[in-house]
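Keeping their order, the protein sequence lines are chains B and U. For the first sequence, the working numbering assigns the number 37 to the initial residue and increments by one for each residue that follows. For the second sequence, the working numbering assigns the number 13 to the initial residue and increments by one for each residue that follows.
Don't take every hint at face value.
Lysine-lysine pairs mimicking PhoX-like chemistry, simulated, CA-CA at most 20 Å apart [said to hold, decoys possible]: (1) U/Lys262 to B/Lys194; (2) B/Lys90 to U/Lys96; (3) U/Lys409 to U/Lys292; (4) U/Lys186 to B/Lys90; (5) U/Lys268 to B/Lys194; (6) U/Lys135 to U/Lys113; (7) U/Lys266 to B/Lys194; (8) B/Lys90 to U/Lys135.
Away from chain U, derived, C-beta distances all over 10 Å, residues of chain B [as the list claims (entries may be wrong)]: (9) Arg39; (10) Glu78; (11) Ile135; (12) Pro206.
It is worth saying that the hints were derived from the structure and are not from the lab. Small disclaimer: the values here were computed from a predicted structure and weren't measured. Just so it is clear, CB atoms sit at the ideal spot from N, CA and C, and this is done for glycine as well.
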Amino acid sequence: MSRFLVRRLAAIVPTLFFVSILIFGLQQLLPGDPAIAMAGEERDPSVIAYLRGKFHLDEPLPVRYGYWLKGVLHGDLGDSVRIQRPVTELIVEKLPVTIELALLAMAIALTIGITAGIVSAVFKNSPLDYAANVFALWGLSTPNFWLGILLILLFAVKLGWLPASGYVSPFEDLKQNLASMIMPAFVLGNAFAAVLMRHTRSAMLQVLSSDYVRTARAKGLDERVVVLRHALRNALTPVITLGALGLGELLSGAVLTEQVFSIPGFGKLIVDAVFNRDYSVVQGVVLFTATVYLSLNLLADIAYFLVNPRMRT
Amino acid sequence: MTLTARAIRFCLALVLAAMLPNAYAQVLRIGLAEDPDVLDPTLARTFVGRVVFAGLCDKLVDIDEHLKIVPQLATSWQWSADNKTLTMKIRPGVTFHDGEKLDAEAVKYNIERHKTMAGSNRKGELALVTSVDVVDPLTVRLNLSKPFAPLLAQLADRAGMMVSPKAAKAEGDKFGAHPVCSGPFKFVERVAQDRIVLERFANYWDKGAIHFDKVIYLPIVDSTVRLANLKSGQLDLIERVAPSDMAQVKSDSKLKSAAIVELGYQGLTINVGKSGEAQKNPLGKDPRVREALELALDRDAIVQVAMDGEAVPGNQWVSPDNTWYVKSHPIPKRNVARAKQLLAQAGVPNPSFTLMTPTTSDAQRVAQVVQAMAKDAGFDVKIQSTEFSTSLNMADKGDFEAYVLAWSGRADPDGNVFSHLACKQPINYAGYCNADFDKDLADSRTTSDAAQREKFFTDAVDHEAKDRPIIYLYHRKWLWAFTNKITGFRVVPDGMIRLQGLKG
Numbered sequence: 037m038s039r040f041l042v043r044r045l046a047a048i049v050p051t052l053f054f055v056s057i058l059i060f061g062l063q064q065l066l067p068g069d070p071a072i073a074m075a076g077e078e079r080d081p082s083v084i085a086y087l088r089g090k091f092h093l094d095e096p097l098p099v100r101y102g103y104w105l106k107g108v109l110h111g112d113l114g115d116s117v118r119i120q121r122p123v124t125e126l127i128v129e130k131l132p133v134t135i136e137l138a139l140l141a142m143a144i145a146l147t148i149g150i151t152a153g154i155v156s157a158v159f160k161n162s163p164l165d166y167a168a169n170v171f172a173l174w175g176l177s178t179p180n181f182w183l184g185i186l187l188i189l190l191f192a193v194k195l196g197w198l199p200a201s202g203y204v205s206p207f208e209d210l211k212q213n214l215a216s217m218i219m220p221a222f223v224l225g226n227a228f229a230a231v232l233m234r235h236t237r238s239a240m241l242q243v244l245s246s247d248y249v250r251t252a253r254a255k256g257l258d259e260r261v262v263v264l265r266h267a268l269r270n271a272l273t274p275v276i277t278l279g280a281l282g283l284g285e286l287l288s289g290a291v292l293t294e295q296v297f298s299i300p301g302f303g304k305l306i307v308d309a310v311f312n313r314d315y316s317v318v319q320g321v322v323l324f325t326a327t328v329y330l331s332l333n334l335l336a337d338i339a340y341f342l343v344n345p346r347m348r349t
Numbered sequence: 013m014t015l016t017a018r019a020i021r022f023c024l025a026l027v028l029a030a031m032l033p034n035a036y037a038q039v040l041r042i043g044l045a046e047d048p049d050v051l052d053p054t055l056a057r058t059f060v061g062r063v064v065f066a067g068l069c070d071k072l073v074d075i076d077e078h079l080k081i082v083p084q085l086a087t088s089w090q091w092s093a094d095n096k097t098l099t100m101k102i103r104p105g106v107t108f109h110d111g112e113k114l115d116a117e118a119v120k121y122n123i124e125r126h127k128t129m130a131g132s133n134r135k136g137e138l139a140l141v142t143s144v145d146v147v148d149p150l151t152v153r154l155n156l157s158k159p160f161a162p163l164l165a166q167l168a169d170r171a172g173m174m175v176s177p178k179a180a181k182a183e184g185d186k187f188g189a190h191p192v193c194s195g196p197f198k199f200v201e202r203v204a205q206d207r208i209v210l211e212r213f214a215n216y217w218d219k220g221a222i223h224f225d226k227v228i229y230l231p232i233v234d235s236t237v238r239l240a241n242l243k244s245g246q247l248d249l250i251e252r253v254a255p256s257d258m259a260q261v262k263s264d265s266k267l268k269s270a271a272i273v274e275l276g277y278q279g280l281t282i283n284v285g286k287s288g289e290a291q292k293n294p295l296g297k298d299p300r301v302r303e304a305l306e307l308a309l310d311r312d313a314i315v316q317v318a319m320d321g322e323a324v325p326g327n328q329w330v331s332p333d334n335t336w337y338v339k340s341h342p343i344p345k346r347n348v349a350r351a352k353q354l355l356a357q358a359g360v361p362n363p364s365f366t367l368m369t370p371t372t373s374d375a376q377r378v379a380q381v382v383q384a385m386a387k388d389a390g391f392d393v394k395i396q397s398t399e400f401s402t403s404l405n406m407a408d409k410g411d412f413e414a415y416v417l418a419w420s421g422r423a424d425p426d427g428n429v430f431s432h433l434a435c436k437q438p439i440n441y442a443g444y445c446n447a448d449f450d451k452d453l454a455d456s457r458t459t460s461d462a463a464q465r466e467k468f469f470t471d472a473v474d475h476e477a478k479d480r481p482i483i484y485l486y487h488r489k490w491l492w493a494f495t496n497k498i499t500g501f502r503v504v505p506d507g508m509i510r511l512q513g514l515k516g
């Protein structure tokens, strides 16, 4: 186990280095001079010159990368130009919001997705199975922003049950927090629930037709035990991988949802930063997200280990 | 319980009940269309930032509904005979939020800070101010290198905002994180992209005009969601309502709305000399082709289609209702036959050009309507949708033929035209350079006499209307919506939300 861990961890370092070059390089491909974008409507030449100097924009690319990398290695991701606060501070402020949103979305997706997947596998080709498939198709093909606005119009404007947008910290008021998060979490989790449902269904179908399940049934075990204890456990392996990758996807998918519901999280941070050409924020946030993604992958590998004994040999 | 005890309890209850309305804090929640940038008047760059400053930082002077300069922190002012010094009397007894005195020294410090701080966005606005003298504790004199009539209008904006010298010295370039000014509300906290909270400043010089205890600004970018929040009661007031939502607001009995024509404009900036591209295209090369393009356009229809009627057609850098509008140049009517004739004269019956358009929905609609209308006269317009920052960069390099570009507007007309059309100015994307026109603009700066300035601006419009480096299309309306309980909302063309007098 420890050798496996060390090997996986060692692989992350070069990957991150490569990712950092990619982030930095891709950002340079963004058209538009950040100094001009940041200089405001008047675009005073002296301000543009000042900004160029301050952010080393007139120096060669490798030199600028060097400055950035040096900062990153010292835990300094730079300052946001637009609001003049350290990027690390912004990340610390926004991350919990997006994590809460992603976890709630994941909880919703897992509950709906796995339940629907099991039901449609067990009752294959029944009306229940068709209903679950229709739901999955709907979930996959509904754009987030559209669903979001429809929910706002229904639950906030028409019925007045939930706040239309915004965010309240759970430490301030847990009830208000959940009220403001339920709609965005559903919107975000909805599409992923559909993916999970389809994967759970196919994995379950495969496992349910395998020999050991037949043996279990032949032993006269209760069908519930066969499905939930014997079949589901095995079928969940691919679903766990998917779940781990999905959490990363939910974190990045939060971009649109946060925009619609005005949730001050990671997604909103990066979208606004891209449009304002707030380079250090974009770089810092993307690098951080990449690190999270890689870590989740690692965690998924570890989870295989724990769930599936065959991999431990 | 004895009778006395009962009587005491009853009295206590009465007292408590009488105190309740006061104990309940009055909060005003305002929905903004964007998240403001840094809250330091010297470094600030955005329109939305100014909306927050209106609650936070008072200015030397303000503008009223009719764009007249009115006192705020300065009670009176006087230009010298040669228009090269401006003497201002400072309002006595004003303090900053941290208790520091706002006097002539503080004003001097602030003007110097605007002029010298690294990265200051005010340098250009105050470029002609050479020094500031403290005449007495409540009198300052601004000395100019040459006359500059628009200075007062600049002082009615961020250049005239005063911050506490003590706090500014202590915080340096981090001042924007905890701004200390002298406005009706003081800074409490800011969560980036979520909210800015201000609370009533007890020692505000005009505290009788303030009726809220707290103001919370919430940036909500999506206009539909912003309106949904107002309708569901989470917000009390929203700015920049989408024109397409106005019908909905007006039909809702729980909401009220307000509108006023902006100070800025929307127009087509044409590359007439910014780069070599200009001479390669008939539109940039030949003023007759530009005239034909203008004649092909029906501005009323553009306003209806692109802005749902929530704008006024225009053909100058100020709107037709503005006092500086030159009436001898009215909006030309659409005339396709004449446009075709002009194109024939220019020898290009079917000119083609690329119209660069930012990706905002109203700019896109403008481009599409222009494309369709120009086609009737024989133009072949290709639309090139370009993300805003990128488009600015291309404009700056002169890498465009025509560009749908808006300007947010300034109180003095100089702020709508000088940097945009005077030779070699930073945002003269058209690359227009006309010595006579430049002279008119320069002369208009030298006098504060309205009649004389009007004459110079009339001359300037004569040139602009002939050369057409910018074809002005319309002036948007600032649109606000608020709940029924809000009263005292002042509509001023600068689009700010003034909290003085606002009740709810």
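Take the C-alpha atoms of U/Lys262 and B/Lys194, compute the straight-line distance between them, and say whether it is at most 20 Å.
Holds, at roughly 17 Å.
With the threshold set at 20 Å, check whether the alpha-carbon distance from B/Lys90 to U/Lys96 stays at or below it.
35 Å, violated
Beyond 10 Å on every Cβ pair: is that true for B/Ile135 relative to chain U?
Answer for B/Ile135: holds, closest chain U Cβ roughly 16 Å.
Non-interface claim for B/Arg39 versus chain U (Cβ beyond 10 Å):
44 Å, holds
Straight-line alpha-carbon gap U/Lys266 to B/Lys194, limit 20 Å:
14 Å, holds
Distance restraint between U/Lys409 and U/Lys292, which requires alpha-carbon spacing of 20 Å or less:
With a Cα-Cα distance of about 16 Å, the restraint between U/Lys409 and U/Lys292 holds, given a limit of 20 Å.
Proposed proximity, B/Lys194 with U/Lys268 (alpha carbon, max 20 Å):
Satisfied, since the Cα-Cα distance of roughly 19 Å is no more than 20 Å.
Given as non-interface: B/Glu78, partner chain U, CB spacing beyond 10 Å:
6 Å, violated
Hint check: B/Lys90 vs U/Lys135, CA-CA at most 20 Å. Holds or violated?
Holds: B/Lys90 and U/Lys135 sit about 17 Å apart, inside 20 Å.
10 Å Cβ clearance of B/Pro206 from chain U:
Non-interface label stands for B/Pro206: nearest chain U Cβ at 14 Å, farther than 10 Å.
Can the restraint linking U/Lys135 and U/Lys113 be considered satisfied, given a maximum Cα separation of 20 Å?
Outside the cut-off at roughly 25 Å; violated.
Tell me if the straight-line CA distance from U/Lys186 to B/Lys90 falls inside 20 Å.
At roughly 15 Å apart (the allowed maximum being 20 Å), B/Lys90 and U/Lys186 satisfy the hint.
Hints 2, 6, 10 from the list above are not met by this structure, while the remaining hints are.
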